[in-house]
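Asker: Each chain, written out:
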Amino acid sequence: MPSPKLRVATTSLAGCFGCHMSLLDIDERLSSLVELVEFDASPLTDLKTPVACDVGLIEGGLCNAENVRTLLLFRRECKVLVAVGACAITGGLPAQRNALDVRDCLESVYLTGVGLEGGTIPRDRELPLLLEKVHPIHDVVNVDYSLPGCPPSADAFWAFFEDIAAGRAPRLGHGLIRYD
Amino acid sequence: MTEDLATIVARHRHDPRRLVEILHDVTEAYGFVPKDIITELASMLAVPRGHVEGVVGFYAFFSDEPRGAYRVLFSDGTTDRMGGSIALLERMRASFGLQGEETSRDGRLSVGTTSCTGLCDQGPALLVNGHAIGGLDSARLGDVMALIRAEAPLAAWPRELFAVRSNIRRRDLLLATAITPGDAVSAAARRGRDDTLAEVARSGLRGRGGAGFSTGAKWGACAEAPHEPRYVVCNADEGEPGTFKDRDLLADHLDLVLEGMTVAAFAVAARHGFLYVRAEYRFLFAHIANALAARRAAGLLGPNACGIRGFSFDIELRRGAGAYVCGEESALLESLEGRRGIPRNRPPFPVTHGYDQRPTVVNNVETFMAAALVARDGASVLRDLGTRTSSGTKILSVAGDVERPGVYELPFGVTVQRVLDEAGASRVQAVQVSGPAGTLLSARELDRTIAFDDVPSAGAFTVFDDRRDLLAIIEHHSRFFAHESCGFCTPCRVGTTLVARTMGRIASGHAARRDLVDVARVARVMAKTSHCGLGLMAGNPVLQGIEKFRPVFDARLRPDDALPTFDLDASLDKSRDVTGRDDSEAHFTEEVRP
Amino acid sequence: MTTDRRTFTLDGHDIPFDEGQSVLDAALAAGLFIPFLCHKPGYEAHGSCRVCMVRVGGRWQASCTTPAAAGLEVESTVEDLVAMRREIVQFLFTEGNHFCPSCEASGNCTLQAVGYELGVTTPHYPPFSPTRPLDASHPEMLLDLNRCILCELCVRASANVDKKSVFALSGRGPTKHLVVSAESGRLADTSFSADDAAAHVCPVGVFLPRGQGFRTPLGARKFDVEPLRVAALRRAGGT
Ligand SMILES: Cc1cc2nc3c(=O)[nH]c(=O)nc-3n(C[C@H](O)[C@H](O)[C@H](O)COP(=O)(O)O)c2cc1C
Ligand code: SF4
Ligand code: SF4
Ligand code: SF4
Ligand code: FES
Ligand code: FES
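Top to bottom, those sequences are chains C, L and D. If you count the first sequence from 1, position 89 lands on 89 in the numbering used here, and the numbers rise without skipping. Start counting at 1 in the second sequence, then tack on 1000, and there's your number in the numbering used here. Start counting at 1 in the third sequence, then tack on 2000, and there's your number in the numbering used here.
These are calculated hints, taken from the structure and not from any lab test. You may find that some hints are simply not true.
Said to hold, decoys possible - In silico SDA-like cross-links for lysine to any residue, where the CA-CA straight-line distance does not exceed 25 angstroms: (1) C:K133 x D:T2175; (2) D:K2163 x D:G2185; (3) C:K79 x D:G2185; (4) L:K1574 x C:G113; (5) C:K5 x C:G167; (6) L:K1574 x C:L93; (7) C:K5 x C:A154; (8) L:K1528 x D:G2119; (9) D:K2163 x L:R1017; (10) L:K1574 x C:F39; (11) L:K1574 x C:R168; (12) C:K79 x C:R168.
Just chain C, with the same shape it has in the complex (with noise of 0.2 angstroms):
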C-alpha cells in the first residue's frame, strides 16, 4: 500500500514566481514527484485557500497587507511551512525599497513623477496597503525550513521533496544551497 501523498500548497507574495518556474524545472522527475505529493492551493492548481496541508511552500516576501494575510493563512493551514527563495528568506529584490520612505514611493510614483500631474493615490479597498517595510516572512510566522537561491535549483526542490516524503528532516547538499 503506498503511503499518502503529501498535501502540498505553494504561493507567491511579493516574488516573481522564478522559484515557480524553478520548481517546474525538475523536468522529468515532475512525473515522480506527483507519486509523492499532491497539491493543494498553488498558482499550478489556480486553487487559492489552502486547506489542511502537509507542506506549504512560500515564495516572495512581505511587501503589502494581503501579502501578510495569505503567510497568516498558509502558516495556519500547513504543518510544515518553507520559506522558498531569496525574497521569502530575506525580503530580496523588493525589499531593496527598505532605504526608501514608502510615502515618498507612494507619492512619487503616483503624484510627483514626470508626467503624474494631476495625479491621485489610489485609494480602493481592493488593492493592499504597503508596508513600511518589505519583510522576510519569518518576521511574521515561524519558518520551518528555508530553501535558498534565486530562485533555489531544481536540484534543491527535488533533494527537498525526497527528504520530506521519507520522513526525513530536509537538508540541502554542497552545492544545492545557493544565495543567488
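Position chains L and D with the ligands relative to chain C; hints supplied.
Answerer: Relative to the frame of chain C, chains L and D with the ligands by itself:
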C-alpha cells in the same frame, strides 16, 4: 574665551597617546569636537584623521555633532529607573518641547540618557555638561529646569545641587584601619621586593575588580617580565550598573589607594602609574589632583619616593569618556594610549605587554587598598578574615529596594541574607550581585555567600522586591550591554542587540515561545564565542532569568508558536495616511494571531 | 610518522606547526579546514569575526589568535561548534543588508562561501535593515557599505600595506561603522587608488570597481569553480 586648539595640544605635549584627554579639553572648549577640529587635530598629532574620528565616535562623551549649550544626560542605571528617572526625563523633554530628539532647535539644550553614573544610592541622577546632580525628584528637577530656562551659567548654579556625598555604612578591615601615608611603602622597602611579592601572594589577595586573579601572581609575573619601564594602573572605571564603592573609596580613602599603587610600583619596579577614573566621577577630579600634589610635596611620589633611594614613581590621573568596556583591562590600556577601547587579543597579557607594550600591573581600587595593608601588616591581616578561597573583606555597593543603600564592607563568606539585613530589605524577589554581568539570585538563594567560589562580586549588590517587573529589569540590563558593546566581535556586536530587542518584546508581552528559544540561543552564542568578558557575560541576565524565573517569562509569553516581530498594524500607518484609507482591510486586528 | 617537529591535535589528527603559527594557519597548512572570515594569511590575526572558533582543551577560542603549542587538544568539526559558527554567520547576514542576487560580489564572496560551507540556509533573525551609505565619489571604485561585515581587512591593508590609512572605524557596538579618512567622508578626497591592497582584500561586496560588474559569468566565479574549503587549503598548501 575658547581655549585654542594649539594650546590644548601643546599642553598635552603633542602626544597622540593623550588623545582622550585632549578630546575632553576640546569638548570643554567647544562644546563638541567639530569636524574641522578633528582634521586639524589629526595633523597636529600626525595621526590619520580617521583615527581621531574613530576615537570621537567610540566614546559616549564625545561627539562631532553640535550639542546644546546645556547637555543633560539622565543616568539610565537600574536604580535610576526604579527611582522614576524615565518619568523625570519625559517631563523635562515635554517641558522644553523636545520630542525625543536630542537637541532643541535653538541649540540651547540637549537631553538624553547615559549608562549608570554610579549614584545608585542617591539617584535618580543626571549629568549637566558632565557634572553630576543626584537625588533628583520633582522639585530638584524643577530647579534644574529653571536654571536652564534662565540661562544661568553652570558656575552660578547652587553648589549644593552638585553635592555627592560618600555613603559608607559599614567599615571593616580596609575602611576602619588608619594608615600614615608612606608607612606601607616603607614597610615594603624594609621587607624588600621579593618578600613583598611573596607576602602579597601569601595573603591570598585576589583581584576585587571581577576576575579574582591572584594579585601576588600578577605582580610576580610583571616583576619578572623583561622590558623596562613597567607601569602600574589603577582601574577606577567602575562602570558596572549598580556599583559605586570605588567612588567612595576614592573620595574618602584615596591615600590608601595611592599607597597601594606605590607599593605595587615598588614591588614590580615600575616608574609610572595611571589612575584611570570614569568621567562620570568628575566631582572627584580636583580632590584626586590635590591628593597627588600633596603626596608629591610630601615626597611620597616623585624621585626617591617615600625616601627610598633610587625608587622613582609618580601617578597620573586619566579620565575615561563614557565607555563601560574600558573597565576591561586591555581596553583600558588602549584608552590610555589614546585609542578606541577595544579589548586586545591575549596572549600576550598586560603583565608582559601592557601600556606601551611594557609590563603592566592593572588592579582595581580596592585591590590596591588591601595590598597596602598587607604590605604594612603582613599577609595575616587578610588571611585572618574571610574564607579559605577568599581572604579578607569585600566592599559592596548596596542599592535598590533597601532602606539604607550605601557602601558596606563585610568579610568574605558573608551570606546574601546578612547583607540584606544590614541594609534593610524585605519582600525580596531577586538580588543582582556584581551587576548585570554577575549573578542574578532568586529569593531561594539568599543563604549563598559572597565569595569567589560561591557568588563572586565586583561590588554591585542591587535588590529588587516583589513589586518590581523583573522582565523589564532584564530587558534594561540587556540594553545596557547592547549600548556598551565595543562592536569588535560579531557575537557581541550583533547578539547584544538581538537579545535586547527580543527581551523588549518579551517584557512588553509581544512575544511567543519562539522568541524565548531564540533569545536563549543568542545568549549562549555570546557566552561561548565572544572576544572579551563583556560579551561573554552579556547573556547572563537572560540566561539566569530563564533558569531561575521561568514562570515569570512563561506568564508573559503569548500562547502562540510565533508572533510578528514588528507591529503589523503600525506598519500600515504611513500607507493609511497617504491613501486616506481606514477601512477594515487597511488594518490588522485579531488576525495577527492565527 | 615521527618527525622532530612539535605537534598538537585537531580532531584527533596530529598537526605540526612552526613557532609563532596560529592554530588556524597550522591547520590549513596541514590540509585541515577551519572556516574564517576576518583573517587573511599574511596579515596579523584579528580575532573579530569569531567564525574560526574551536575548543582548545575544552575552552572556546578563536583559532586565528590562538598560538599553536605542543600538546594542545583542539576540537573543530564537532556539531556544537559548527552550530555556533552557523549562528555567527546568521548574525552577520542579519546585521547588514545582504541581497546576494543583486550583489556584484556574489560568487566571489567569502561570507557567502562560508555560509555554504556551514549549511546556512537563512539569516533566521529579524533583519536590522540598517541605513548605510553608498560612496560613489571615486572615479575608480564604488563603496557599498550595506554589505560591510566590519572585518577591518581594508583598514589593516590601507594602514599596514598601503601606508595610507584611508579607512578607519567609528561608532561602537551596533553603531560601529567604516569611515573614510577625510573631512568630507568621501573616498574621492583621499589618496585611495584602485591599485591599493585595500581595494582587493574585502571578503564581501563593498569595493566595487566601476564598469566591471557581473563580468564573470555564473559558473565561472571564484566559489563556483571551487568551494571555499578547497580554495583555502590550496592557497595554504601553496599549490
Ligand atoms: C566589561 C568589563 C568591565 C570591567 N570593568 C571593571 C571595572 O570597572 N573596574 C575593575 O577594577 N575591573 C573591571 N573589569 C575587570 C578588569 O578587566 C580586570 O580584571 C581588573 O581590573 C583587574 O584588577 P583586579 O585583579 O584587582 O580585580 C572589567 C572587566 C570587563 C570584562
Ligand atoms: S565581547 Fe563585546 S565588548 Fe568584548 S570585544 Fe566583543 S564586541 Fe567588544
Ligand atoms: S556581500 Fe556576499 S553575502 Fe553580502 S550580498 Fe554580496 S554576495 Fe551576498
Ligand atoms: S569594507 Fe570589506 S574589508 Fe572593509 S571592513 Fe567592511 S567587510 Fe571588511
Ligand atoms: S521570487 Fe524566488 S528568489 Fe525572488
Ligand atoms: S578568522 Fe578568526 S576570528 Fe575571524
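Asker: If you draw a straight line from the CA of K1574 of chain L to the CA of L93 of chain C, is it 25 angstroms or shorter?
Answerer: holds, 21 angstroms
Asker: For a C-alpha distance cap of 25 angstroms, please report whether K1574 of chain L and G113 of chain C respect it.
Answerer: holds, 19 angstroms
Asker: Are the Cα positions of K5 of chain C and A154 of chain C separated by 25 angstroms at most?
Answerer: holds, 20 angstroms
Asker: Between the alpha carbons of K1574 of chain L and F39 of chain C, is the straight-line distance 25 angstroms or under?
Answerer: violated, 38 angstroms
Asker: Would you check the hint for K5 of chain C and G167 of chain C, treating anything up to 25 angstroms between C-alpha atoms as holding?
Answerer: At roughly 12 angstroms apart (the allowed maximum being 25 angstroms), G167 of chain C and K5 of chain C satisfy the hint.
Asker: Holds or violated: are the alpha carbons of K1528 of chain L and G2119 of chain D at most 25 angstroms from each other?
Answerer: holds, 20 angstroms
Asker: With the threshold set at 25 angstroms, check whether the alpha-carbon distance from K133 of chain C to T2175 of chain D stays at or below it.
Answerer: Answer holds: K133 of chain C to T2175 of chain D is near 21 angstroms, not above 25 angstroms.
Asker: Measure nothing beyond the straight line between the CA atoms of K1574 of chain L and R168 of chain C; if it is 25 angstroms or shorter, mark the hint as holding.
Answerer: violated, 44 angstroms
Asker: Please verify whether K2163 of chain D and R1017 of chain L have alpha carbons no more than 25 angstroms apart.
Answerer: holds, 20 angstroms
Asker: Sort out whether G2185 of chain D lies within 25 angstroms of K79 of chain C, counting only the CA atoms.
Answerer: Violated, at roughly 51 angstroms.
Asker: Assess, step by step, whether the Cα of K2163 of chain D is no farther than 25 angstroms from the Cα of G2185 of chain D, and give holds or violated.
Answerer: Roughly 19 angstroms between the alpha carbons, so the hint for K2163 of chain D and G2185 of chain D holds.
Asker: Please verify whether K79 of chain C and R168 of chain C have alpha carbons no more than 25 angstroms apart.
Answerer: holds, 15 angstroms
The structure fails hints 3, 10, 11 (numbered hints given earlier, in ascending order).
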